[in-house]
Structure formats: structure tokens, C-alpha cells
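Same order as they appear, the protein sequences are chains A and B. Position one of the first sequence corresponds to residue 1 (my numbering), numbered consecutively onward. Position one of the second sequence corresponds to residue 1 (my numbering), numbered consecutively onward.
In short, the hints are calculated from the structure, not lab data. Even for Gly, the Cβ is constructed at its ideal location relative to N, Cα and C. Hints are supplied without guarantee of correctness; some may be wrong.
As the list claims (entries may be wrong) - Only some residues are given here: those of chain B computed to face chain A with a beta carbon under 8 Å: (1) Ala42; (2) Gly47; (3) Thr132; (4) Leu151; (5) Phe260.
Here is what each chain is made of, one letter per residue.
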Amino acid sequence: MESFRVRGAGVVAVVVLLLLAAAPAAAETEITFWHAMGGALGEKVKEIAEAFNRSQSEYRVNAVYKGNYSETMTAAIAAFRARQQPHVVQVFEVGTATMMAARGAIKPVHALMAEAGEKFDPGAYLPAVTGYYTTADGKMLSLPFNSSTPVLYYNREAFKKAGLDPARPPRTWPELGAAATKLQAAGVPCGFTTDWQSWIQIENLSAWHDVPLATRANGFGGLDAELRINSPLHVKHVAQIAEWQKTKTFDYGGRRNEATAKFTSGECGMLTESSAGYAGIKRTARFDFGIGMLPYWPDVKGAPRNTIIGGASLWVMAGHTPQAYRGVARFFSYLSSPEVQADWHQFSGYLPITRAAWELTKRQGFYDRNPGTEVSILQMTGRAPTENSKGLRLGNFAQIRDVIDEELEAVWAGKKSARDALDAAVRRGNELLRQFERANR
Amino acid sequence: MEKRAVFQHRLLPYLLVMPQIVVTLVFFFWPASQAVRQSVLAEDPFGLTTRFVWAENFRGLLRDPDYLRAAGTTAVFSISVTALALASALLLAVMADRVIRGATVYRTLLIWPYAVAPAVAGVLWLFLFNPTVGIVSFALRQVGYRWNHLLNGGEAMLLVILAAAWKQVSYNFVFFLAGLSSIGRSVIEAAAIDGAGPARRFVAIVFPLLSPTVFFLVVVNVVYAFFDTFGIVHAVTGGGPAGATQILVFKVFRDGFVGFDLGRSAAQSVILMLVVIGLTVAQFRYLERRVHY
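Produce the complete structure using the sequences and hints provided.
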């Protein structure tokens, strides 16, 4: 008992000391930032927040890792319902419509910057990146943080062995098919594979060929949009890949990025995957590989246009003090500065969000040292985005992606024709869109 | 004078069961009531607008072909997991009961998988069967079978059933072993003297005397297959390919936490809760009659 009391007194003393030590920090306004960047990227986010904290003394950004994208978003929503929401939360691109529809729960970035009196030039940002996160009339709602776009990775050594030019990746889908067949003839078990099939083979296919994915400007024009992914182009593309699956010219690897292992192990000669997969592939592949633009169908007029992004953006949540919002605005300006952006871009393989950061990276010679890393930016900025290639703004889109994944899997397995599967995806996807419309009226 | 231990305090018994009641109220009744409440509402994820919609969520579900398919998948999955986990555990328990040397080692090793978290168990099986680098799929390739659970729904189902059953075998094993050791040696020895072989002894004596254990384990395994297998499905197949392994509890998660359709998700939880209550009641009423205690 005696020792217990002594220990109790010790605990009290320690707590008091800690409180005293923490006291001076209370003068700073604390800004909570929930993110979904694990591993090395998470360390980098922490580093950026700490650098910001050192750069000034008024605000303190506290970056907290909350799990994967879905978990982080769910956590933020639950926190909002309990009135404990963070100031800033990182939300993946398919959550955009949900966040945007929650008008009372968020503070649009353009309004935040104006109210805080922070210098903010929307023209400084790359429209292909920010377009996904702006209103139909061009007002920025959330700050793009990590954005990537799909590119083609190819095994240079396998290309050489198959008598293909290792400096020249296939530019079109028919060329890719021919190259894949040649690779197989030279002993590579599978020609090509893909990660993120819905994002790359459906969503980006649409934007890249300037074909609508949904009506109402891909949903930017209103909640009553309907899917259009059973167009002749979509059906032709999916039917072609299904044909290739029969001979392993294409081989399915999984819904997320599982197929990367098929490429890095040498099983498949080509891979369509996010530009942000670069660092991982470079680390694992034991062969020389190259990067090309995403292939396109040469018979489609206006193709190639530009690809769209995936990744996440930073949303500011409602219900905080003006003082805290000034801090958030300051932090966003810091994040957008060319030095921070260029460093983040070069470290992670994500796209830079401003022109200045892109220019800076060029001047630093990064693209010369790392050939292929600029392909993604060129592919996104080559031509101005149209309403078909600006991005997507569809509710319940995480579930719609699941539906598309399911239907595509049925096609690869030979259980459904491309036409039937895409018709079914449209029907099921539209039901989800109508549900979202009803819930957000 | 008669001596009896009588508790004078009227409140004491209530006080003693109070912790248990509080835990049940807080961790079962309160969340369950919240689910029932949410199931009759249509609400945006942030809770900014809420509408009372009566049974619209339930009607929508019963019309949804995906939901009905998930119900069928769950039936196949639960029956297979229960049957496989019980049969293999019983076999192992009977074998382990006869082992004399090194019995504790066998038992410890057989109980081990129970300590593995469902998601980890799922990942272990996933590694074994990975179509590209898995050792089992490699072995199958050597004998001319191309295993690919990423495209083949039947193979995916088999894989999640194996993983889910494997994890439950240990639990069943412990109960079977305890049940076996409580069967009197003399009864079995008497049967042996009468000339009954091991198989006959098992059918005529051991299994009937084990029936209370079997009954209890059937109930527990069905509940396990309905609810606790979420982590395995999530890690191994994510409900794919093409929805082939989407069981009800996984759909609750997907609609609620990926799709943020809280009303529909809650309605599914309520239905699931009713189904499990119904199954348990039915098992007690009909199965229990055949059990010899």
C-alpha cells in the first residue's frame, strides 16, 4: 500500500511536469491533418509538416496517419458526426463527389484562401491535375496532394530478346497486341497485364479518347448523370483484351496493383500501371525497363487527348475557428510552393501540382537522370482537357468501381461477353448513381 | 437451530451480475438498437440530412439481385466451413486422443492456428495459392493444373473456405479432445472386449456420447462462419472474382464503409442478426432433441 501511494505521487509529479513542459506550445494554433500515406510516403508527409512547423511559429501542423484511403475517409466522417473532425483530411479521388455533396461539412479551398487573405493564384496550378477537384465553373474545392496517371511500363530486355526496338514502346493498342505476341513467341509467358483495371482500362480509356464516361460532362454538370461505358469504343476495347486473355497475350492479375508482381517477376513483358508505381518497380525489377505513354486506338478521332488522374486531395472540414483556417491556408501555400512540390514529386513519383514545380524539376535535371519519369506529365498536359477528360464527379463511385471490377472479371473469365458485361455495369452503376442522387437531394 | 447460508442483502445478487449486464447492454444492446434505428433512415454519410423511410431500405435489399446472390453464397460458405472444420477437427481429436508419446506437442501444435488473426490466416493462404508465386499453385502447375482464383470463382470460394475452416479447426479440436477425455475408458474397454473394432466403437459409443459437444460446436461454427470470417474474405479475395465470394457480412462492410450507404448497410446487419438468432433458436429446438446429455 505504502509503495502504491509513493508511486501514485510519482505519477502526479510526472504529469505536472509534462503539463508544464507542454504549456509554451499551447500558444501555437494546432492544425490536425489526417492522411492515408503509409510507409516511406508517410515519413515524407511527417517531414513536410515538421518543416512547415519550423518555418513559422504561429501554427503547428500535426500529421496523423489514419490507415488506408477508405479508413481515413470513414474516420473523418465518423469524427465529423461526433464533432471531433480534423482540420484537413486526405480523401481519394473517388470520394470527391461525396465530399463535395456534403456542403455543410466542408470548406472549399477557394473560399478558405479568400477568407484567410492568403495569396492564391488558381492559374499557377496544372489544370489537368486541379480540374478533377474544381467546380464546373473552375473554383478549386480541394487541394490536390498526390496525383498520378497511368503509363505503360515495358521490359526492355525482353523487347531486345523478341527482336523489338527497346527504345520504342508500342504507341497504340494494335501495336501493343503485336508486341505482346512477339514477346510470347520469344518465350515470355504473358504479353501484358494491367493494374487498377477500372481506372486504367475504362476511366482513362474514355478520357484518353475524348469519349464520355458518363452524361452531364462526366457528372460535373449534375447529380443526374448516367454511365456511358457501354459505348462502341469501350466494348471493342474490353472485347479485345478478353480475346488476348484466352492466349495469355493479356493475363489478369487482380483489381488493385497485384499485377505489378507479374511484371517485375518477368512473367509479363508489359504493364499498364500508375506513374506513382515507378519507385516500387525500380526497386523490385531486376531488368532494364522503359516507360511509354498509355496506348490508344488510332481509329478514334481526336485521340489521344489527355489522361486523368488518380490519387487524393486535401479537404478542409467545416466547424473550426478563423484563426485555425488562416493556419490551414498558410500550410496549403507552403505545400504548393515550388520547392516543396518538386521535392515531393521527385521523391514519390506523384505529379507536381504547379507549373513552377515542374519547371524547377526540369532545371534540376531530374528527368534526364531518371528517363521516363516525365512521360506522365507530358501525357496529361499535352492537350487541354475537354469535358470528357477533365475528370469524374460521380457519386458512390467507389462502389461503381467495384461493379466495373466484377463485370470485367466475368469477361476475363469468359463467362460474359464484353457487351453484356458493360451493359450490366451501366445498369448497376446507374442504380448506385440514383441512390446517391436520392440521398443528396 | 438450523444453520443456513442466507445472503441478507437483497441487492447483493444484482450487484454481482451488474458488470455482466452492463457489458451486454453497452456492447450488444446499445449498438444493436443503433443498427435498428439506422436501418429505417436514409442519411448522407455526414449526417447532415436524415429522413425516415420506413422499410424502404429492406424492400430495396430484397429486390437487389446482388443481395440475394450474397445470401446464397453465404449459405454455401457457412455450411462448407462448418462441415469441414468439424469433420477435420473430430478426426484430429480422435487421432490425438490415441497418441501416447509426445501428446502435448501434438496438441499444442494443433491448437496453434487459433491464435492467428483472421486477416493473417487469410494472407498466409493467399501466399500459398498466389497464382504467380504461390508454392501450392506452383506444385499444381507441375501436375498440369493452372490454379487461378483471381478469375475462377469456384477456386476463390474453395480458398476462402479452406482458410476459414483451417482457423476454426483448432477451436473445435480443443472441445472435441475435452469431450473425448470425458468418455469413460471402461465403456470403451468393455466394447473392445466384446469384440468391437475402433470404427464400430466410434460409431456406437464415442460419437453418441460426443453429441452435446458436436451440437454446441455446430452453433458456434455457424456463427463464426457468418460473422468472424470477414477478415479472411477481405484479405484473400475482397469478395471477388465477380462477386463469387461476397458473403453477407462482407457486403455489410462494403456498402457501409466503402459506399457510405449507412441505411442499407444497417438494414443488412439487422437481417443478419435476425437470421443468426433464428438459426440458433432452430438449432436448440430441433437439434437438441437428438442430443444425449
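How the hints compare with the structure:
For Ala42 (chain B), the interface hint holds, the least distance from its beta-carbon to any beta-carbon of chain A being 6 Å, beneath 8 Å. For Gly47 (chain B), the shortest C-beta to C-beta distance to chain A is roughly 5 Å, which falls under 8 Å, so the interface hint holds. A hinted interface residue such as Thr132 (chain B) counts as satisfied when its beta carbon comes closer than 8 Å to some beta carbon of chain A; here the least separation is about 6 Å, so the hint holds. For Leu151 (chain B), the shortest C-beta to C-beta distance to chain A is roughly 5 Å, which falls under 8 Å, so the interface hint holds.
A cut of 8 Å between beta carbons decides the hint on Phe260 (chain B): the least distance to chain A is about 6 Å, and the hint holds.
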